[in-house]
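K.L.:
Protein sequences appear in the order of chains W and R. Position 325, counted from 1, in the first sequence is what numbering that gives the first Met the number 0 calls 324; the numbers after and before it change by one each time, with no gaps. Position 207, counted from 1, in the second sequence is what numbering that gives the first Met the number 0 calls 206; the numbers after and before it change by one each time, with no gaps.
Hint data in this document are derived by calculation from the structure and do not stem from the laboratory. Don't be surprised by glycine CBs; every beta carbon is placed ideally from N, CA and C. One should not assume that every hint holds.
What the hints assert, rightly or not - With the C-beta cut set under 10 Å, the calculated list includes, among others, these residues of chain W facing chain R:
| # | residue |
| --- | --- |
| 1 | Leu32 |
| 2 | Leu38 |
| 3 | Val39 |
| 4 | Gly82 |
| 5 | Gly83 |
| 6 | Leu84 |
| 7 | Glu130 |
| 8 | Pro151 |
| 9 | Phe286 |
| 10 | Ala290 |
| 11 | Met305 |
| 12 | Ala310 |
| 13 | Gly313 |
| 14 | Asn321 |
| 15 | Gly331 |
2 protein chains.
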Amino acid sequence: MGKSRICIGLLGFGTVGSAFVDLLESQKSTIFLRTGLELVVTHVAVNDLSKDRSGLDAQTLLTDKPSEVIENTEVDLVVELMGGLLPAKDLVEAALENNKPVITANKELLSKEGKYLFSLADAREVDLLFEAAVAGGIPLIRVLRESLLGEPVEKVMGIVNGTTNYILSQMEDKSMPYSEALLEAQKLGYAESDPTADVSGQDAASKAAIIAMVTFGADVSLDDVLFEGIENISSADVAFAKRSEWAIKLLAVVSKHENELEVQVYPAMLPNTHPLSSVGDSFNAVFVEGAAVDSLMLFGRGAGGMPTASAVLGDVIDAAVNLSKNTFRGMGDLKETSLIQGDEQKSAYYVCVQVADEPGVLATVASVFAKNDISIQTMEQEGMDKEARLVFITHEIEASGLEVALTQLSSLSCVEKLGTVIRVLEA
Amino acid sequence: MGKSRICIGLLGFGTVGSAFVDLLESQKSTIFLRTGLELVVTHVAVNDLSKDRSGLDAQTLLTDKPSEVIENTEVDLVVELMGGLLPAKDLVEAALENNKPVITANKELLSKEGKYLFSLADAREVDLLFEAAVAGGIPLIRVLRESLLGEPVEKVMGIVNGTTNYILSQMEDKSMPYSEALLEAQKLGYAESDPTADVSGQDAASKAAIIAMVTFGADVSLDDVLFEGIENISSADVAFAKRSEWAIKLLAVVSKHENELEVQVYPAMLPNTHPLSSVGDSFNAVFVEGAAVDSLMLFGRGAGGMPTASAVLGDVIDAAVNLSKNTFRGMGDLKETSLIQGDEQKSAYYVCVQVADEPGVLATVASVFAKNDISIQTMEQEGMDKEARLVFITHEIEASGLEVALTQLSSLSCVEKLGTVIRVLEA
Numbered sequence: 000m001g002k003s004r005i006c007i008g009l010l011g012f013g014t015v016g017s018a019f020v021d022l023l024e025s026q027k028s029t030i031f032l033r034t035g036l037e038l039v040v041t042h043v044a045v046n047d048l049s050k051d052r053s054g055l056d057a058q059t060l061l062t063d064k065p066s067e068v069i070e071n072t073e074v075d076l077v078v079e080l081m082g083g084l085l086p087a088k089d090l091v092e093a094a095l096e097n098n099k100p101v102i103t104a105n106k107e108l109l110s111k112e113g114k115y116l117f118s119l120a121d122a123r124e125v126d127l128l129f130e131a132a133v134a135g136g137i138p139l140i141r142v143l144r145e146s147l148l149g150e151p152v153e154k155v156m157g158i159v160n161g162t163t164n165y166i167l168s169q170m171e172d173k174s175m176p177y178s179e180a181l182l183e184a185q186k187l188g189y190a191e192s193d194p195t196a197d198v199s200g201q202d203a204a205s206k207a208a209i210i211a212m213v214t215f216g217a218d219v220s221l222d223d224v225l226f227e228g229i230e231n232i233s234s235a236d237v238a239f240a241k242r243s244e245w246a247i248k249l250l251a252v253v254s255k256h257e258n259e260l261e262v263q264v265y266p267a268m269l270p271n272t273h274p275l276s277s278v279g280d281s282f283n284a285v286f287v288e289g290a291a292v293d294s295l296m297l298f299g300r301g302a303g304g305m306p307t308a309s310a311v312l313g314d315v316i317d318a319a320v321n322l323s324k325n326t327f328r329g330m331g332d333l334k335e336t337s338l339i340q341g342d343e344q345k346s347a348y349y350v351c352v353q354v355a356d357e358p359g360v361l362a363t364v365a366s367v368f369a370k371n372d373i374s375i376q377t378m379e380q381e382g383m384d385k386e387a388r389l390v391f392i393t394h395e396i397e398a399s400g401l402e403v404a405l406t407q408l409s410s411l412s413c414v415e416k417l418g419t420v421i422r423v424l425e426a
Numbered sequence: 000m001g002k003s004r005i006c007i008g009l010l011g012f013g014t015v016g017s018a019f020v021d022l023l024e025s026q027k028s029t030i031f032l033r034t035g036l037e038l039v040v041t042h043v044a045v046n047d048l049s050k051d052r053s054g055l056d057a058q059t060l061l062t063d064k065p066s067e068v069i070e071n072t073e074v075d076l077v078v079e080l081m082g083g084l085l086p087a088k089d090l091v092e093a094a095l096e097n098n099k100p101v102i103t104a105n106k107e108l109l110s111k112e113g114k115y116l117f118s119l120a121d122a123r124e125v126d127l128l129f130e131a132a133v134a135g136g137i138p139l140i141r142v143l144r145e146s147l148l149g150e151p152v153e154k155v156m157g158i159v160n161g162t163t164n165y166i167l168s169q170m171e172d173k174s175m176p177y178s179e180a181l182l183e184a185q186k187l188g189y190a191e192s193d194p195t196a197d198v199s200g201q202d203a204a205s206k207a208a209i210i211a212m213v214t215f216g217a218d219v220s221l222d223d224v225l226f227e228g229i230e231n232i233s234s235a236d237v238a239f240a241k242r243s244e245w246a247i248k249l250l251a252v253v254s255k256h257e258n259e260l261e262v263q264v265y266p267a268m269l270p271n272t273h274p275l276s277s278v279g280d281s282f283n284a285v286f287v288e289g290a291a292v293d294s295l296m297l298f299g300r301g302a303g304g305m306p307t308a309s310a311v312l313g314d315v316i317d318a319a320v321n322l323s324k325n326t327f328r329g330m331g332d333l334k335e336t337s338l339i340q341g342d343e344q345k346s347a348y349y350v351c352v353q354v355a356d357e358p359g360v361l362a363t364v365a366s367v368f369a370k371n372d373i374s375i376q377t378m379e380q381e382g383m384d385k386e387a388r389l390v391f392i393t394h395e396i397e398a399s400g401l402e403v404a405l406t407q408l409s410s411l412s413c414v415e416k417l418g419t420v421i422r423v424l425e426a
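Using the sequences and the hints given, assemble the complete structure.
P.N.:
Structure below.
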């Protein structure tokens, strides 16, 4: 048995950092009772030393030099809540090289430098834990990494970005246009003033890369992940989905096809019978399919100070217990994995085409699909003054074939505009 | 680093046992790749040596004396899948005393002897893991025990019995009477020929006791858990719930009220907006509320050979990794906890009373409620030939007060029969 007092060095004291300190303070005695360990935040690195930090214990040492926290021999364990690639990478690297376990909520860091940092942690025989980096308070990482380590997982598909789920839910529930729903998300603090990382799907793509590493031990980084966002989804698309008893959700999809992995982020229409379709507001949820376990779903708060702090604390306790027992849980080597490219993937699609409302237009458009061997499940025409909106739901086709058809459609004189193209998933 | 080949002794080779052997066989190489460990089932104790066991490796030693498996020095780790209190208790005890980690799916054993066995495992510094004992393939135990160890959990409320959920779902979806739905569950193998343990709520009560131990470190055993079943729920109750946009679910509820715990099992009407209300078929789902993490839900297969085997395998890998690192994860001492008695609990209730269809009856019945200070939210009267069915939804009241009123009602001459009394929960 090692030491029973574990000193925590905290990098970053924003929303999550201060929630973490509050939560740990309130739970100290319970944690001691259950683990025999006393957890104390002894050092905190902040950006601005002049700000009021009355939430912190008077004993806690504040510094604006994070390297001092990492190098301090008193600090047993480092919690990184700064976010962003740099200087977080250098600090996490230095902490691990000092044989200190690291807990991080930094999805960007792990999706870009995960492979290197995991192997460093394994080599130093210390923990590098990151529950809070994906789906906030939902204990997805532990479940994938530990509970399902022996499970033949086939697919992990989830709503892992709360901002876009809030926007899509508002568009659906209140028939709001995208721009208005985005504005409301910004007002509520769900979306940043520059919302690009969220609405483009990039944030979800980081999480998809991490899910692929954890679930399949695959060497996947953010650069490998194809992603589409929700910026082009219109009220008409959402209204159509609603009439069809579908919901549009931004999905991170990691699935196994023989020896290849699909790792993608895209909006999709899901039937209302699918458990993910009813996940509203800013909630996150992740659906796992495995050959043995069948279907599994985890649902909860994907963001917010307290839920994220809860995930951080779970990891901190885990690392502290391991430290006291002189052990750690490694990630193992991530192995090179071949990835399926987007255009090899089969799916049914929703395709919307705006055309001039003239005789013969439907036949012209339909013949483009026919020439490209794209068979149509259903078609709907909606008149709008002198234009019409044609909506097609295709049967399962390859994305590459659809690309060709769309290029041909856009060159037709009767086609005013190509609207949204969205995957349609079965239950 | 300890040994890298872990020999598993298996007690019981029924549905789950054989699924476990198959699953392990198919996942061997992945597990080796991820952990560096070779897991082998070397010894299996069965009831009947004359049965065909062609699914087993020719190297595996079969015996009908489970004690031989436990005492064998070659066996590193014991998996107990026999079920029932005896001889499982003696065997698990002996395995732990031989310093062998134990994985069990035995809810009855743990809900009755958990405290003793956990302290024995802790004293011997070996793992006693039991993911499969509650909610089958859903990784609830690991989430409660590890991820949420630092979380101020307020309530765990779940559908943890697949048989009763199947029966209630059939009654709701197909307007089947209870007896017919039970018969169908038996035909499909969801219910035993003697279904008492499931339909009485006792099976769920075992799981509630285990949830209380794991979540709150509380010394709770099956004997402490008040439970009600679904035997008395009628088609009329289900139809009423459906009209009111509620669903009737059998819930295991473990919740904290200051320093007291409520640990109970009862059927309840849940609004359709509650995430548990849409959990159909034989699925299980558990809803967790915590002050930091907010709401969390886990959903999946609560029973069946393969989903249960998946949970067992997750634990086996965990214990094997710990064994190879010469460590274990203890439960800590379970502490005495005062439990709330059922009649101290406040709830709204659905109360159904069958009365003679005569003038003045409603006033008589209503006056009994009034005298007992029970205020009514809504009332519905349904005529049935010469009788009428009065359905009341009360405001929040204490169970003890309702008991008194029900006794008085049953002594009224106009009351033909007291129907079902079911809690009504808010969203």
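K.L.:
Evaluate each hint against the coordinates.
P.N.:
Hints and how they fare:
Because the closest C-beta pair between W:Leu32 and chain R is about 7 Å apart, less than 10 Å, the hint holds. Look at W:Leu38: its Cβ gets to within about 9 Å of chain R, closer than 10 Å, so that hint holds up. Because the closest C-beta pair between W:Val39 and chain R is about 14 Å apart, greater than 10 Å, the hint is violated. Because the smallest distance between the Cβ of W:Gly82 and any Cβ of chain R comes to about 20 Å, over 10 Å, the interface hint for this residue is violated.
For W:Gly83, the suggested interface contact is broken, since its CB lies about 24 Å from the closest CB of chain R, more than 10 Å. A least Cβ separation of about 27 Å between W:Leu84 and chain R goes past the 10 Å threshold, and the interface hint is therefore violated. At its closest, the beta carbon of W:Glu130 sits 7 Å from a beta carbon of chain R; the interface hint therefore holds under the 10 Å criterion. Because the closest C-beta pair between W:Pro151 and chain R is about 6 Å apart, less than 10 Å, the hint holds.
Taken as an interface hint, W:Phe286 checks out: its beta carbon lies about 9 Å from the nearest beta carbon of chain R, inside 10 Å. With a cut of 10 Å, the hint placing W:Ala290 at the interface with chain R holds, because the nearest CB-to-CB distance is about 8 Å. A cut of 10 Å between beta carbons decides the hint on W:Met305: the least distance to chain R is about 4 Å, and the hint holds. Annotation: W:Ala310 was flagged as interfacial toward chain R, and the flag holds, the nearest CB pair being 7 Å apart, inside 10 Å.
Interface restraint check: W:Gly313 against chain R, minimum CB-CB distance 4 Å, threshold 10 Å, status holds. With a cut of 10 Å, the hint placing W:Asn321 at the interface with chain R holds, because the nearest CB-to-CB distance is about 8 Å. Checking W:Gly331 against chain R by beta carbon gives a least distance of about 5 Å; that is within 10 Å, so the hint holds.
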